Amino acid sequence: MGFLHTWLPYILAGIAVGGQYALIAIGYTMVYGILRLINFAHGDVFMWSGLIMVYMITVLPLWLSVILVILFAIVLGTTIEKVAYRPLRSAPRMSIMISAIGVSYLLQNFALYITGGLTKTYPAINWLQKTVTIGSATTKMVTLITPILTIVLVVMLVMLIKHTKIGMAMRAVSRDFETSSLMGIDINRVITVTFVIGCALAAIGSILYFSNYTGINPMSGAMPGLKAFVAAVFGGIGSVPGAVVGAFVIGICENLIKGAGWTTFSDAFTFVLLIIILMVKPTGLFGEKNIDKV
Amino acid sequence: MKKFLALTMTLLLVLTFCVGCGGGDSGSGGGDTIKIGVFEPASGDNGAGGKQETLGIQYANKMQPTVDIGGTEYNVELVIVDNESDNSKAVTAAQNLVSQNVSIVLGSYGSGVSIAAADVFADANVPAIGVTCTNPQVTADCEQYFRICFLDPFQGTVLANYAYENGMRKAYCLSKLGDDYSVGLVNYFVEAFKALGGEVVEEQFPDKNSDFTSYVANAKKAGCDVFFSPVSTEAAALIIDQAEAQALGMPLLAGDTWDSNVITGAAKGKNVDIVVTTFYQEGGNPDFDEGIKAWFEEDSSAMTNNGGNTDLAAVTAMGYDAYFVALEAMKAAGSTDPAEILAALPSLQVSGLVCGDVSFNETGDANKTEAFVKKCNTETGEWEFLTKQSAQ
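So the sequences go chain by chain: C and E. By this note's numbering, the letter at position 235 of the first sequence is numbered 235, and the numbering carries on one by one without gaps. By this note's numbering, the letter at position 351 of the second sequence is numbered 351, and the numbering carries on one by one without gaps.
Please keep in mind that the hints were generated in silico from the structure rather than gathered at the bench. Fair warning: there could be bad hints in the mix.
[What the hints assert, rightly or not] Sample of chain C residues at the chain E side, in silico, Cβ under 7 Å: (1) R36; (2) G117; (3) G135; (4) S136; (5) T138; (6) K140; (7) T179; (8) T214; (9) A260; (10) W262; (11) T263.
[Claimed, not checked] Quick list of in silico lysine-lysine cross-link-like pairs, DSS-like style, CA-CA up to 30 Å: (12) C:K82 / E:K3; (13) C:K130 / E:K268; (14) E:K221 / E:K293; (15) E:K388 / E:K268; (16) C:K82 / E:K2; (17) C:K130 / E:K3; (18) C:K130 / E:K293; (19) E:K208 / E:K268; (20) E:K375 / E:K221; (21) C:K130 / E:K375; (22) C:K130 / E:K208; (23) E:K221 / C:K281.
Being a predicted model, the structure only gives us computed values, none of them experimental. By construction, the Cβ of each residue, glycine as well, lies at the ideal position given by its N, Cα and C atoms.
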């Protein structure tokens, strides 16, 4: 009991931030599964969703802003795919990766231009930011909502992938890009749907994340993006449940390390974990072994 | 077709670049102009504070656009660069100023960038006046750097005295890894607080961190009486938010950086207790207060740079003072030559300033003996004057 009493605040914070990383990590892992592309711009789509919310809420009611923010993220993500990735589809994989890095910098610097480099305060969504007390921990409502919402969304996503036609197409494309296009699957549509799902989840993640950590500047997407990427690699890039588990592990460990007084090393831990995983088990927890077909 | 498009776009980019350069040159023509470099962050962690400090300098320039040097009337031109709150970019920004032949440099907000740029000013032998960079290293090894504000050893002691006199015995100290200002100030605070008989818990957070949940939880767990975190305003807003969410239950204590409307904005309506030390209290010079507020009202871009309201930050007042110190130095030197202005600085004495008289000691630091202690009124979102605290 004493243990729980001391550590509950950290565990709660870890689960919450883990859930938020998970929502971003799904975008990374799905795009990688299908395109074999690490979409570096994903963290910046996340940041932009937050930024748009800041501007939107000043003129629109909350429910409409939330819907529009999600729509905005979807439009932004699919546009990036159409403009920056699609023309390079037959190019070497390195070119498309570099294009992704370029888009990431473009989005960051455009945000710098719009905001003037100053941190914007995320609007208060009252019921999300309400203070609640559980046992020894006092925290925000969003801390409790996040893991529940994340799990629900992930279950829905897994159902979609397992039991619908588009889900089947996605699985087929991720297994073998060329053969599935020969089988009559509309590759472009599948890829668009992937980006739509990834970006919508990133937008939801941004609402939860920034309700908890209320400052947004052009670099806000970089760190959560990186950590979500590590989570995706940890869980086995390409695997949705893997990314979610990885995100929770990273979120919780990070906070426990901080709680143990090793605050200076909390970020180092995340990246050391990345290195160890890449060395010991490159395919991650749930990753599939890559069989090179001749 | 594709090639044509690529060519057009490349040409367009090149042309924009050329136009940009051309625009920059046109300002420097004309005979009797003296340039003052403004070395401040307009983006990054300290962007908000840097902009407010620049506002003070701009307002001073608006009030007094000319200076009489040796019988000739010179127009003062401000050359403003953005050091992006980044130690590596600060050097480039400083070189930019030097290459534009400024006679003197003002800034910066944030000690790290000033320390990084000191060598550039030293090599070019251009004098620099630090406005609110409080780390001792800024002036310690650099003969060209002076400053008009108090120092961290002084500020740390003042804060420790304040905390101890108000019955706080155990302090939680949070600084940012690799940030000269917060790490330095925390060290001086810890030294002074321990000397008084207090107890401290020290922690640091990494760059780009926005999750302060665990730090607030740690402070609670350790049973501290005060949360001392003199970090950038960006991080501060997040800390305040978490302090409320977790019902921190102890006052937040910080240095001059927190004296900003970013903080009052973040704390408004929240159940938090914030105390800071600073350079200036609104009301200290009513003429200045009214004048600059009227300027914010009529100039919308100034208002935006001040964070969207007319709340006055101490750094703005300090920026205003720095400009007049620079003008006095030029008058005393009777020359526009940076080397002669530099020679005139050590013996300079300036009175009639907003934040008190300025004279320099042998390392180039201003002689200051008192700091203002302010408390945030979370109902109105304004600063309230508490007391003047000295280091003794």
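Going down the list of hints, with the structure as the test:
| no. | hint | in the structure |
| --- | --- | --- |
| 1 | R36 | violated (25 Å) |
| 2 | G117 | holds (2 Å) |
| 3 | G135 | violated (13 Å) |
| 4 | S136 | violated (9 Å) |
| 5 | T138 | holds (5 Å) |
| 6 | K140 | holds (5 Å) |
| 7 | T179 | violated (30 Å) |
| 8 | T214 | holds (5 Å) |
| 9 | A260 | violated (9 Å) |
| 10 | W262 | violated (9 Å) |
| 11 | T263 | holds (4 Å) |
| 12 | C:K82 / E:K3 | holds (20 Å) |
| 13 | C:K130 / E:K268 | holds (16 Å) |
| 14 | E:K221 / E:K293 | violated (44 Å) |
| 15 | E:K388 / E:K268 | holds (24 Å) |
| 16 | C:K82 / E:K2 | holds (17 Å) |
| 17 | C:K130 / E:K3 | violated (57 Å) |
| 18 | C:K130 / E:K293 | violated (36 Å) |
| 19 | E:K208 / E:K268 | holds (25 Å) |
| 20 | E:K375 / E:K221 | holds (25 Å) |
| 21 | C:K130 / E:K375 | holds (25 Å) |
| 22 | C:K130 / E:K208 | holds (26 Å) |
| 23 | E:K221 / C:K281 | violated (37 Å) |
Of the numbered hints stated above, those contradicted by the structure are hints 1, 3, 4, 7, 9, 10, 14, 17, 18 and 23, listed in ascending order.
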